[in-house]
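Just so you know, the sequences run in chain order A and B.
Each residue of the first sequence is one higher than the one before, starting from 7 at the first, in the working numbering.
Each residue of the second sequence is one higher than the one before, starting from 7 at the first, in the working numbering.
Read the hints as simulated data drawn from the structure, not as lab findings.
Among these hints, one or two may not hold up.
[Claimed, not checked] Below, in silico cross-link-like pairs of lysine-lysine (PhoX-like), each with a Cα-Cα straight-line distance of 25 Å or less:
1. A/K541 <-> B/K495
2. B/K482 <-> A/K532
3. A/K480 <-> B/K495
4. A/K495 <-> B/K480
5. B/K495 <-> A/K532
6. B/K480 <-> A/K482
7. A/K495 <-> A/K541
8. B/K495 <-> B/K532
9. A/K482 <-> B/K482
[Unchecked claim] So, partial list: chain A residues that the calculated Cβ filter (under 10 Å) puts toward chain B:
10. L151
11. T436
12. P479
13. P481
14. A525
15. H528
16. A529
17. N533
18. R604
[Said to hold, decoys possible] Counterexamples of contact, computed for chain A against chain B with all Cβ distances above 10 Å:
19. V169
20. H411
21. R605
Note that beta-carbon positions come from the ideal geometry of N, C-alpha and C, so glycine has one too.
Single-letter residue listing:
Protein chains: 2
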Amino acid sequence: MKHTRRHVNLRTILFGRPIKDREAESRKVGVWEGLSVLAPDALSSVAYGTEEILIVLSAAGVGALWYSLPISAVIVLLLIFLVVSYRQIIRAYPTGGGAYVIGRDTLGPSAGLLAGAALLIDYTLTVSVSVTAGIAALVSAFPSLLPYTVELSVLVVAFLTIVNLRGVRESAQLFAAPTYLFIVMILAMVAVGLFHRAAPTPLAAYVTPTAVSVAPLLILRAFSSGSSALTGIEAISNGVPVFKEDSVQRARRAMLLLGLFLGSMFLGTSIIAFRYHIVPNAEVTVLQQLADRIFGHGWFFYLLSFVTMAILSIAANTSFAGFPQLASIMARDEWMPRMFLARGDRLVYQNGIIVLGIISSLLIIAFRGNTDALIPLYAVGVYMSFTIAMSSLAKKRWQEGNDPHRWVTIGMGLFGSLLTAAVVITSVVTKFTEGAWIVVLAIPTIVWGMRAVHQHYRSVADELRLEDLTLVPKPKALVVVVPVASINKMTLATLSYALSMNPEEIVALHVAGTPEREARFHARWKNWNADPRIKLAVVESQYRSVIRPMVRYIDHLTGLFAEGRVVVVIPELLVEKSWQNILHNHMAVALEAVLIFRRRIAVTVVPYRLQQKPVNSKPS
Amino acid sequence: MKHTRRHVNLRTILFGRPIKDREAESRKVGVWEGLSVLAPDALSSVAYGTEEILIVLSAAGVGALWYSLPISAVIVLLLIFLVVSYRQIIRAYPTGGGAYVIGRDTLGPSAGLLAGAALLIDYTLTVSVSVTAGIAALVSAFPSLLPYTVELSVLVVAFLTIVNLRGVRESAQLFAAPTYLFIVMILAMVAVGLFHRAAPTPLAAYVTPTAVSVAPLLILRAFSSGSSALTGIEAISNGVPVFKEDSVQRARRAMLLLGLFLGSMFLGTSIIAFRYHIVPNAEVTVLQQLADRIFGHGWFFYLLSFVTMAILSIAANTSFAGFPQLASIMARDEWMPRMFLARGDRLVYQNGIIVLGIISSLLIIAFRGNTDALIPLYAVGVYMSFTIAMSSLAKKRWQEGNDPHRWVTIGMGLFGSLLTAAVVITSVVTKFTEGAWIVVLAIPTIVWGMRAVHQHYRSVADELRLEDLTLVPKPKALVVVVPVASINKMTLATLSYALSMNPEEIVALHVAGTPEREARFHARWKNWNADPRIKLAVVESQYRSVIRPMVRYIDHLTGLFAEGRVVVVIPELLVEKSWQNILHNHMAVALEAVLIFRRRIAVTVVPYRLQQKPVNSKPS
């Protein structure tokens with residue numbers, strides 16, 4: 007028994023050896039490692055943020071593309087607000103959980119629930135969309151893989167699930183290289199692109215007066231699309247506890263670094279995309295076009311394509327850190343099933359990881375690997391959680407009322423919450439028919455479900471609570487029913503067990519197919535003369551079923567014996583080899599499955615293990 | 007409770023209402039109905055019997071086709087022997103079971119086992135091959151169905167399974183029309199074909215002297231292929247009990263009718279195939295070619311094609327009557343798992359039907375709906391069972407020794423057994439590499455498995471047997487272990503139950519995550535002061551798992567308490583609605599699953615059902 011856990015089995019190979027509680031601290035990560043676990047979701051937005059803006063604007067002609075510059079600038083301003091605010095939030099709420107905990111503690115449970123539902127949806131969408139986007143990039147490089155898009159995507163989700171079941175630090179080590187390579191390559195491309203002499207045409211020639219004739223709604227749509235570039239920046243504040251001590255300081259530093267990287271990469275990409283007047287097209291991404299123009303169709307182009315794929319797949323990993331953490335916090339508050347609280351051998355919230363893997367796989371299968379339709383759903387949920395976090399921050403600082411500098415934070419929080427609320431409204435209005443309605447429907451549904459869960463736990467707790475501690479256990483009278491098919495050693499053992507329980511009455515229950523068999527069994531029983539306390543009851547079976555007449559008899563007995571408890575004691579034959587199980591009828595299992603739902607009937611299974619000594623007998 | 011069975015639910019719609027034992031007689035069938043249940047396997051052989059002979063002979067040129075006439079004549083002589091012998095067998099063994107029962111009762115269990123294994127294989131092959139052949143015919147009419155061959159075949163098997171789970175008479179009514187239509191159409195075609203004036207050329211012109219230069223081995227191969235036309239004729243003698251009283255008389259009459267129909271249809275087809283000098287080809291069957299020549303490419307051609315498909319599919323139904331019957335007889339003799347003895351609500355041996363449906367579906371899937379490869383396997387098993395039946399008949403009549411006419415039967419049995427043994431040897435030798443080796447391998451494997459089953463049942467019976475009836479149940483000392491997570495009403499109820507059992511000792515077992523929690527629970531427990539007989543044991547969990555430390559403790563306790571029994575009493579919370587089950591951890595189920603395999607530990611599950619009165623509480 008003692009060394010069982012040392013065995014190297016499939017479980018250990020897939021998920022690693024079990025980790026003890028006191029090892030927990032050493033699993034935690036530093037700033038740069040934490041960035042590679044929590045930042046890929048936000049950073050990978052650079053792969054499509056500028057492109058989403060240009061796609062919307064290009065509908066109004068090439069001249070309209072100029073607007074990408076002010077739109078990107080506004081988004082970067084938004085980013086600065088968010089980073090500064092989130093650094094405050096990390097300090098105010100060091101246990102993570104992000105918008106859910108913040109909203110709950112400051113604005114009340116309803117705001118928390120709303121943020122929690124929005125974030126859980128967002129985590130799931132991130133996995134589905136990022137993984138399929140990564141696979142789509144792979145497939146455009148190897149077209150022969152096209153028929154296996156769904157299978158490959160699900161395989162990647164399964165891979166991420168297993169990696170995360172192994173624990174957080176392993177993930178960090180695995181994903182650090184592509185994350186930092188992506189940052190370095192984009193920044194290098196921006197730097198070269200900004201100062202390269204060989205820019206194709208002067209900017210002035212490209213900015214024509216036609217640019218001004220663009221409808222305001224289109225600008226809003228473009229802004230709303232571009233705002234998806236900031237999704238994922240909340241991940242660090244949600245996951246503060248994964249950092250080493252001092253986790254708040256480390257998380258704040260990581261948040262600052264993320265802001266600097268994301269802002270310069272996003273704005274830089276938008277500027278050089280305009281400088282090289284890139285027009286979005288369906289085959290090649292904006293990033294790939296830029297790499298092609300600036301460095302030519304060489305190693306940089308191919309490496310960037312590959313790293314982009316990698317970081318899109320890795321972005322999904324952010325959710326595998328965030329979803330289980332949030333689900334466990336919400337489970338502790340009894341809004342989610344208790345199972346999300348269970349930590350496995352490797353110290354991770356295994357059920358959250360598994361549920362996330364399953365739901366995002368189902369989404370991929372349901373949308374047949376084409377999750378473009380899900381992208382518009384992103385921004386709504388994320389910015390809703392931003393709004394709740396910002397206004398919570400403002401309210402909290404206002405309530406504390408000590409620090410003379412607090413008005414800066416309060417003003418920032420209020421302004422930030424208005425700004426992000428405006429993004430939510432803009433996204434819902436401009437993209438309602440494109441899929442935003444799904445989120446508008448899903449969030450209230452999930453909130454409703456969580457309230458039902460909460461209500462259940464509360465009513466169970468109310469009902470089980472033992473307020474009067476003078477109530478102590480008292481014995482009741484027992485009636486024991488023992489199903490008896492024939493008189494043999496197993497019957498002897500089971501009836502001995504029944505006698506040990508000191509019951510008021512023991513009924514040996516026999517089911518007979520015909521009156522003749524009934525008479526024969528009666529005679530054998532009388533001959534045995536087992537014990538005066540054991541009464542024989544024989545019921546006839548009209549339908550050849552053994553279970554049904556037994557249950558009917560037991561129900562009848564329970565009705566008669568209202569003041570006590572009926573216990574059904576069922577023998578179960580344990581065979582030596584597992585194949586031999588198909589040779590027996592397992593009445594204990596079948597009967598227990600039926601009886602367990604009856605309030606006043608307890609079921610006891612008494613195992614009888616065969617010795618299986620080789621019997622010296624020839625087949626007859 | 008009383009009217010539950012009257013509810014019209016999905017189960018009733020699919021399988022019909024439950025049938026009581028005393029209704030059994032009215033489910034049985036008459037001669038003509040019985041023929042339509044048991045004969046399609048044999049009759050459908052007409053669809054390929056002649057063709058199989060011609061395919062082998064045509065390898066030696068058109069001149070060799072003449073040999074189909076003497077070969078068919080020999081096969082019909084064989085048929086006559088078999089029919090006469092099987093009518094004797096039906097009389098000698100009126101409970102059905104065919105070659106298995108006959109071999110077992112007369113030649114001993116080994117011969118019976120051999121026949122039983124051969125027949126079970128044959129029943130399964132019949133289902134797979136007939137269904138896919140029928141679907142192949144359908145698909146050649148509607149080529150757009152080609153990609154769904156496997157799915158359609160499995161669907162037909164599922165349909166046959168459900169029809170047979172409804173009971174035998176329903177099948178008879180459903181299948182009578184195509185069976186008799188097939189008989190009438192083939193006999194009509196033979197009659198018109200024999201006497202039609204417009205035969206293309208005189209026979210003499212067609213039979214050239216080149217015919218004589220055919221190798222004897224080819225003749226044997228052609229004979230062996232043609233002998234597949236007689237597979238299935240044993241079905242009636244195997245299924246005698248499905249006939250109404252006097253079932254022996256009715257079965258003998260059905261056997262005679264089958265012989266007459268099959269003989270005239272097979273021989274007639276061979277003769278007119280020769281008269282119209284049909285050469286087999288891959289696209290159109292011999293029967294379709296004949297219909298085309300004799301009646302033109304009109305309604306007869308299409309109707310015959312359709313009816314041929316239908317009877318091939320229905321042929322599979324023979325096995326759904328025979329397999330469960332044989333399996334139940336062999337289960338009664340303890341060669342097969344006991345579950346094949348269970349008769350369901352509709353009086354059929356449901357497990358036999360379900361197992362046959364599953365195995366034949368798996369064969370279809372494994373061979374991707376192309377079961378041509380399985381056809382050579384047929385004859386070996388069937389003729390092996392014929393041999394055993396014939397020699398049994400001879401031995402039985404010889405042992406009885408009263409009837410002066412018995413020598414006729416003995417001679418017939420001996421000659422028949424030699425003849426059929428010759429067919430087995432011919433088939434194995436001439437078709438070994440074509441697939442006969444599979445049967446040569448499978449039969450001993452199945453026989454070996456059946457012997458293992460028998461050995462198990464015998465050793466269990468030996469071990470359980472209570473020879474000394476002075477041994478009576480005696481109470482033993484009990485130690486009860488009750489897992490306790492917290493002190494609440496469920497704990498109260500479970501401990502009350504434990505006290506009712508009058509044990510020597512009660513251990514309330516608590517698993518604590520940390521030393522602080524352990525101390526806190528100790529204090530609460532002391533404060534409660536439940537009962538002096540209940541001792542608290544607290545174990546610490548290093549790995550967050552609750553089950554593992556409990557099991558370790560219980561194992562330890564079992565070791566200490568060698569002279570008595572350890573009973574683990576586990577509470578199980580019963581919720582009102584099934585979705586609420588995902589909100590609880592179901593420790594009872596998890597713990598029972600582990601503990602049930604320990605010899606000396608009994609497990610009691612005590613249900614605690616919540617009232618679920620609406621609780622007047624707001625979410626906090």
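Do the hints match the structure? See the list:
1. A/K541 <-> B/K495: Violated. A/K541 to B/K495 sits at ~34 Å, over the 25 Å cutoff.
2. B/K482 <-> A/K532: Cα-Cα ~24 Å, so holds.
3. A/K480 <-> B/K495: 12 Å, holds
4. A/K495 <-> B/K480: 12 Å, holds
5. B/K495 <-> A/K532: Not satisfied, since the Cα-Cα distance of roughly 43 Å exceeds 25 Å.
6. B/K480 <-> A/K482: Since the Cα atoms of B/K480 and A/K482 sit roughly 22 Å apart, the hinted pair holds (cutoff 25 Å).
7. A/K495 <-> A/K541: Given pair A/K495, A/K541 holds - Cα atoms ~18 Å apart, limit 25 Å.
8. B/K495 <-> B/K532: With a Cα-Cα distance of about 17 Å, the restraint between B/K495 and B/K532 holds, given a limit of 25 Å.
9. A/K482 <-> B/K482: 20 Å, holds
10. L151: 22 Å, violated
11. T436: 34 Å, violated
12. P479: 4 Å, holds
13. P481: 4 Å, holds
14. A525: 17 Å, violated
15. H528: 15 Å, violated
16. A529: The hint is violated - A/A529 has no Cβ within 10 Å of chain B, the shortest such distance being about 13 Å.
17. N533: 7 Å, holds
18. R604: 7 Å, holds
19. V169: 21 Å, holds
20. H411: The claim holds: A/H411 sits with its nearest Cβ about 33 Å from chain B, beyond 10 Å.
21. R605: Violated: least Cβ distance 4 Å, not greater than 10 Å.
In this structure, the hints that do not hold are numbers 1, 5, 10, 11, 14, 15, 16 and 21, in rising order.
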